[in-house]
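Undergrad: Model the full structure from these sequences, guided by the hints.
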Amino acid sequence: MAASGAAVRGGGRAFLSLALGVSLLKCLLIPAYYSTDFEVHRNWLAITHSLPVSRWYYEATSEWTLDYPPFFAWFEYTLSHIAKVFDPEMLNIQNLNYASPRTVLFQRFSVIFTDVLFIYSVYECCKCIEGKKAGKELTEKPTFILSVLLLWNFGLLIVDHIHFQYNGFLFGLMLLSVARLFQKRHLEGAFLFAILLHFKHIYLYVAPAYGIYLLRSYCFTADKPDGSVTWSSFSFLRLIALGFIVCFVSALSLGPFIAMNQLPQVISRLFPFKRGLCHAYWAPNFWALYNALDKMLCIIGLKYNLLDPKKIAKASMTSGLVQQFQHVVLPSVTPLATLICTVIAMLPSIFCLWFKPQGPRGFLRCLIVCALSSFMFGWHVHEKAILLAILPMSLLSVGKPQDAAIYLLLTTTGHYSLFPLLFTAPEFPIKVLLMLLFTVYSFSSLKTLFRKEKLLNWMETIYLVGLGPLEICCELVFPFTPWKLKYPFIPLFLTSVYCAAGITYAWFRLSVSMLPGPAVSKAKLQ
Amino acid sequence: MFGDYEAQRHWQEITLNLPVQEWYFNSSDNNLQYWGLDYPPLTAYHSLLCAYVAEFINPDWVALHTSRGYESDHHKLFMRSTVFIADLMIYIPAVVLYCCYLKETSPRKKIANAFCILLYPGLLLIDYGHFQYNCVSLGLTLWGVLGLSYDWDILGSLAFCLALNYKQMELYHSLPFFCFLLGKCLKKDLKGKGLLLLIKLITTVVAAFALCWLPFFTQLEQTMQVLRRLFPVGRGLFEDKVANFWCSLNVLLKIKSLLSPHTQLMFSFALTFLSLLPACLKLTLQPSLRGFKYALVSCALSFFLFSFQVHEKSILLVSLPVCLILNEVPFMSIWFLLVSTFSMLPLLLKDQLALASVGTTLGFGVACASSFSIFENISEEELQLRSFSVYVRRHIPGFKVPAKMLKTWFLVSVTMMSLLTLTSITVEPPHKLPDLFPVLVCLVSCLHFLLFLIYFNVIILWDHRNGRSQKKIN
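Here the protein sequences line up with chains A and B, keeping their order.
As numbered in my numbering, residues 1 to 526 make up the first sequence, in order.
As numbered in my numbering, residues 1 to 474 make up the second sequence, in order.
Taking lysine-lysine pairs in the DSS-like style, the calculated list, with each CA pair at most 25 Å apart, reads: (1) K109/B to K447/A; (2) K484/A to K76/B; (3) K200/B to K188/B; (4) K110/B to K447/A; (5) K432/B to K350/B; (6) K76/B to K26/A; (7) K254/B to K313/B; (8) K187/B to K103/B; (9) K350/B to K26/A; (10) K432/B to K256/B; (11) K127/A to K447/A; (12) K26/A to K200/A; (13) K184/A to K224/A; (14) K127/A to K400/A; (15) K256/B to K313/B.
Only part of the chain A face toward chain B is listed, based on derived beta-carbon distances under 10 Å: (16) R13; (17) A14; (18) L16; (19) L24; (20) I30; (21) L105; (22) T139; (23) A425; (24) P429; (25) F480.
Keep in mind the hints are simulated off the structure, nothing from the lab.
For every residue, glycine included, the Cβ atom is placed at its ideal position computed from N, Cα and C.
TA: Shown next as structure tokens:
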């Protein structure tokens, strides 16, 4: 008892040191480059502070209009009251691109402080996972490795604390709801997820997983011995409870706007389908490969005079702006087509979740597959959305060696695909060194945890090692070549396509791992 | 008004575009008033190397005359990278090797030790924030210490000579090296092997200096001019506010105006010499690796407190040896390292590094608190004061080192430093006393340093363990 008590205390101390350490690192990143997202949030502080609620979703002085659900707007409203103390000028809507030192300090600190929720949720997740029983050494325990992989996650660090966003506490809500589902506190988990949806609607990507899991494993209270549905055990009470939670949260969030007849406006702000298929920097998903193929076929067609040059539009999809574009050779893609593709990609996992539920772990796997499928086939996907798959995947990675292998592939490729977000010279060493630190740690810790198994085969290793020369080519060699002026988009294009290959492969392997094969009996023992 | 960053860039410009004979001389192309070279030749050679790379990337960065004050994102990245590469090649491997070969520590403790040494805020902030190349000279000194600990005396002294030829401030460390090596030679009996070793060492030192100063030995005037640039004796006892004995004394007693410059020099020389004499004598008569490391600390600290023309950055020369004894007296070493970073606060605030210094200091504190269980084992044994208290108990029975009180004093000290830091950052000083906060910082730091000087000297002088049992402990 004494030994385990000491171990718990030691683990708690280590967790605290990790949390403090990463928070201090975040403080050191305060003077770093911030993107236009900084101005976006400053503008929202101004809008929610200076205008009445009825004007929030109509205000358009700045180009960065409010396009997150109402809870986030209320969050900005709360922050704006603290912002008053730091620098009241930032709350003036007319002060476009206002960025005094105090404004920067306030905004950065607000991200760092709200990360407390993320730290708490990581703590809860560490309590839930029962990874492989490792040795006595603290740094080899699955809980320690998981806390490092989550707290010091490279992608979250650079997106939140350099590029500037508020993903920390949002992922905290998501991981907390996952932890609650692991702890069989289903109603709390549903409640947290409902709140999360009304903070940032991108989490709709994973809503099917929640919906099906709660319906199947919570509303049906018992299972037949072979795992299939016992229709008679359906509990209407539980269904009503879930429905009540969802309706209550939605009412709190959208109620005021429905009352003011502003619902269509809010919806149009939240889902702007006028934007193009691909976001500015080409998220490495299936459509990046599709566009690349189209471009190459176009070039080949022009070269061999199979196409008429006059018919091809001048505007290039690869120039990095957010535009609509028609494909030249391959059929054009509409939002409906992407939706159908996404649903088809998710279906196998959803079916498995319904017909062969494997408890909370199966749910987590399905969640990750949904997130990754939406990333692969979604309309106007940001490359930052890869974090939606990477962070929950960390929970699985300390469990089984196959999951660890997929995690390493997905995370390394996904993190590398975030590099184009930080294109300034001073941030170059920061991103390279932080990425190396995280990658080296994730590889060495997971390899130590799964000592007896080989994680990656030679092909996958070569692919990952290839990221190094790719980075050197794109950022060190390319700027000195004459092609820089003629084809400025080539580094982004190469990064996108190379990472898309890796992520597609990871998505495929993950979907396959969802299917129950001959290992059904083993899965039941989990 | 530019700082060390522009100075280093200017030295690259000078060394690249002018012939060697003109580097240290005032001329129409080389205005010594504008950041003239005042470090020994190895720094100049290093600048020349960096200048070649800079010219390859973008000649505008080092063009003669026209590149003054040049600042761009890419140039900053280049300059910062030169510091990082120097660090990676010299300082970091030395630290890692030093910790690898620490005796009687588990691998986990070795890694934690290396991690804490590398996280020392003072060096990080000065090298990467203020911009300097201390990592090169300190790294070379550390290689020297490594060489001496494995009885590779020739290589060790070669490394230290290179360090000396990089920055003349390394003279603070020269006496312990000299005394330790002399003691080794004496122990090996000056008539036989000892004499051979002595001759080999002298040859190494002379050869190293000759090699570095070769272009400047062609004319006596060249050598004299370089020496004049390295040791500006005309500049007085101290400049600006530094956590030095003289500066602190000056607050109460205006010695700068009371005594003539010549007398000031004599006083400083005498006090420095007197304060480091006991440790050096002990080291010569009983050379041991442990004594050597502690002597490095106490001699450098004596020089810092009592020498003339000391800059606040020179505290780094004391911090490096303290990092080396981190595993022996963790509590006192960490306390010292925190105070040393705090003593440079006025300089860091001038460089707008307030957030960085607070962040790195707290990070260092967190790392040390989780690596060394410093608050639990503060006892006489842990403080290495056992032999001292035994000696005192012979004369004053019932004497006990107030180890329990130390925890309280530490907390008081940290609170005082935190409060001073906070007020320096947030509050404006009163009009009549514009230098109030820097002076307070210096006074507090100086008090701490004087107490640390006494503590380290006590450890050295009452270190009763002789050579044989030392091999077991070290």
